Amino acid sequence: MITTTAIESTAELTEQERAQAARLDAVWSEPRGFWGWFKAVHHTTIGKRYAVTAFIFFLLAGLLAGGMRLQLAFPEAHVLSNDLYNQFFTMHGSTMMFLFAVPMMFEALSVYFVPLMVGTRNIAFPRLNAYSYYLYLFGGLMFYIAFLCNTGADRGWFSYVPLAGPDYGPGKRPDFWAQLITFTEVSGLAVAVETIVTVFKLRAPGMSLNRIPIFVWGQVVVAFMVIFSLPGVVLSSTMLLLDRTCNTQLFNPAVGGDVLLYQHLFWWFGHPEVYIIFIPGTAVISTIVTTFCRRHAFGYLVLVLSLVATGFMAFGLWVHHMFATGIPQIAESYFTAASMMIAIPTGAQIFCWIATMATGKVVLKTPMWWALGFFFTFIMGGMTGIFVASVPVDLQIHDTYFVVAHFHYVLIGGAVFPLFGAISYWFPKVTGRMLSETLGQITFWLFFVGFNITFFPMHLVGIRGMPRRVYTYPPNMGWTTLNQIESLGYVLLFIAVCVFLANVSRSLKTGSLAGPNPWKAGTLEWATTSPPPHYNFLHLPTVNGREALWDAAPNQPVVIGLDEDARSFLTTRTLDAEPEGRDEFPRPSIWPFLAAIATSIAFIGSIFTPWGITIGAIPVAITMIGWFWPERQPAERRRAREIWQSE
Amino acid sequence: MAERVERPVLDVSRLPTVGFGTHSITWWGIMGMMAIEGTVFVLMIASYFYLHSRNSEWPPHRNPPDLLWGTVNLGLFLVSVIPNEWYRRRARKGDLRAVQIGLVLLSLFGIGNVVVRYFELWHLNTDWSIDAYGSAVWTLMGLHVLHLVTDLVDTIVLTILFFTSLVEGKRFQDAEENAAYWYFVVAFWIPIYLVIYWAPRWLHA
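In the order they appear, the protein sequences are chains P and D. Using the numbering used here, count along the first sequence one by one with no gaps and you end on 1338. Using the numbering used here, count along the second sequence one by one with no gaps and you end on 324.
Mixed in with the good hints there might be a few duds.
[What the hints assert, rightly or not] With a straight-line cut-off of 20 Å between C-alpha atoms, the simulated EDC-like cross-links for lysine to aspartate or glutamate are:
(1) P:Lys1211 with P:Glu703
(2) P:Lys730 with P:Glu1322
(3) D:Lys212 with P:Glu1128
(4) P:Lys1056 with P:Glu1128
(5) D:Lys212 with P:Glu1338
(6) P:Lys1211 with P:Glu1128
(7) D:Lys212 with D:Glu287
(8) D:Lys212 with P:Glu703
(9) P:Lys730 with P:Glu1275
It should be emphasised that the hints constitute simulated quantities derived from the structure, not laboratory data. No experiment lies behind these values; they were computed from the predicted model shown.
Take the sequences, apply the hints, and build the full model.
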């Protein structure tokens, strides 16, 4: 039997503890009222906003997919015009990648859970966190408002030049795409820095590197990948915008520019991007498998090192997206080998999960079903990945539906299945109520079957030569039946998501109360009430093992001695998590919101004129200075109590 | 009622509240920013050489940038490191007067760098819209200008702050980290200077 811990027993509070909770609540509560919404800085608030917003974008992109499936269900159909179809698939892809997958799998999960799982009271740089959310939101709104004005991006989710360049991409459609990238990359980069600093400096005492939960390791690896890969797309989209609005010639071959430079920079980011999306997924799977097999994960070190190795290797694969561009053969060989090598760390993880399940006591609840669905789907996607990594096969099926099938198996398998698993797993923590188990399993089976009916035939239709991104096809190609099966599969997926939404809305009102730890899991987010208070933990925990709650000593110490009249937190050393210092989070503030507005004006302005950035930088600077400028009273309080680090 | 055990405690009330370097979380934040921006610089330099590899003549049909102003700026950047390091060390001791002097000096250096940069831009001997070479030079230069100006504004704001009564330990951390960021701006000017001013000369030969 698993010993639940002393930390959990805060359900019964003493008089003294109740007074302490009231004091903490007074200091940490989020501001109320209309303007309070814009001042909020707690990671659970911002994390929830990220999750809800990203899920809405997921639904929108799903509806766009429905439009495409309707159009393709019949040969020579005219539900969507060719122009609208181009916008649909570009909006679908861009939304799924930039407004759903990364913000959901990385930003939302990281912002909400990493601070809880490492046992601290907020994420590092909470105001930056709020700012990053508003930028993400405004970027998404801008992108969809442009779409509603018939200015939706229409050059594919990667917006290649020359098609998106000044000569072949008239109007403002590619510019809105480029600025969407700018918005989302700023928010992604901000959360990456916050995540790394939170994990490196804010862990609970005792949580040395070898005790960090695997989920948190995954998010740290992703954060590093974001930091080193996003600059690629920062540059490529900025260069695209410069070529389009400032007459630079970076991609113009007539005067020494080169279109493949765009592809190199884009895929320097684009390939790691795929792993940025599924590493959180595999980290979620490790978490769910551990909890529902009632044992520590088999091969913790292997799992962590696999994540790290995947992170490194991700940067050596980008050219496999460019096999059909006429690059030298030696480069093709190298990138084929590198692409196949990625199967090694992924395979190692899969064997660890199998070993965990084989030696544990599997509890088949909804989250575990999603994990099992992930295994099947993701392995299928990995298999076809080996096909497309090999140059001759790739040249044959490049730009066909085979590739579409492959990456939907990898991305839906690697991110959406784990995401639904994560939602069913953590919903009780975030809302305090359980989801319905029956509806959860119905959702899973509908989704799993619907997914395979939709995407498996795409392999076949791709081998039969159907190209991607065509808005229709003639009736005599032998593609019709397969397309119709795919479209029927979409209907199942649609119903699955509807059942899921019904489950959520029903459970929010009438779901059974979850209590702090309904799954008897081992990580620290389960050591506090559901939902967590804005100070996260009444007693800041200390940690004695990889699964903090399972491994806690009967008399596991708690941290005391932080100021209770300020948003104080403890910093610990990076390697061994020994207590090192005390610091203070900033208070809620309207400035991050104002700075996000100013930044958005500058970004959107620069679509229309280069002055958007130069003049637009002035309000950005003013709001950022307002944000930085200290308040007198907290400054005086801190100064009065200061203890300087001894040198 | 759940079993209650008297819990031992870990008292952290005597731990420092003001720390520098790896002890400060904003220092880590700045390091993250440098990693991001450094990667942008590196990729831009790589793009410059990629474009060079696609051109038979580099720079095409014109002279490389004039050496004078870029080299003057390099000298200015390198000299600024001396007061920068001085006030960075004094900030760690909480020496208010030294940090005030250091920040004023660095603001002046920054203004000097921006003025010289203005002359540099007039002597690049190319326009960004003529060809890919010109675009690459201006984009690389533009990236560094962006960092220079941002850091100058930061430094001036911090300088003003240091003459108010709001100074506390956290602001000395800011001063120390502001100096660290200046190193980043200076350190990246060296390769960018070599690429913009010397690469066309060496590659031409």
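These are the hints, each one checked on the structure:
1. Between P:Lys1211 and P:Glu703 the alpha-carbon distance is near 18 Å, which keeps this suggested pair within the 20 Å criterion.
2. For the given pair, P:Lys730 sits about 15 Å from P:Glu1322 by alpha-carbon distance, which is consistent with the 20 Å threshold.
3. Among the hinted pairs, D:Lys212 with P:Glu1128 is inconsistent with the structure: their alpha-carbon atoms are about 60 Å apart, more than 20 Å.
4. The hinted pair formed by P:Lys1056 and P:Glu1128 meets the criterion: a straight-line CA distance of about 7 Å does not exceed 20 Å.
5. Taken as a hint, the D:Lys212 and P:Glu1338 pair is honoured in the structure, with Cα atoms around 9 Å apart against an allowance of 20 Å.
6. Using a Cα cut-off of 20 Å, the hinted pair P:Lys1211 and P:Glu1128 holds, with the two alpha carbons roughly 17 Å apart.
7. A distance of roughly 12 Å separates the Cα atoms of D:Lys212 and D:Glu287; the hinted pair therefore holds under the 20 Å criterion.
8. Distance check on the hinted pair: D:Lys212 and P:Glu703 sit about 47 Å apart at the alpha-carbon level, beyond 20 Å; violated.
9. Restraint check: the Cα-Cα separation between P:Lys730 and P:Glu1275 comes to about 17 Å, which is no more than 20 Å; the hinted pair holds.
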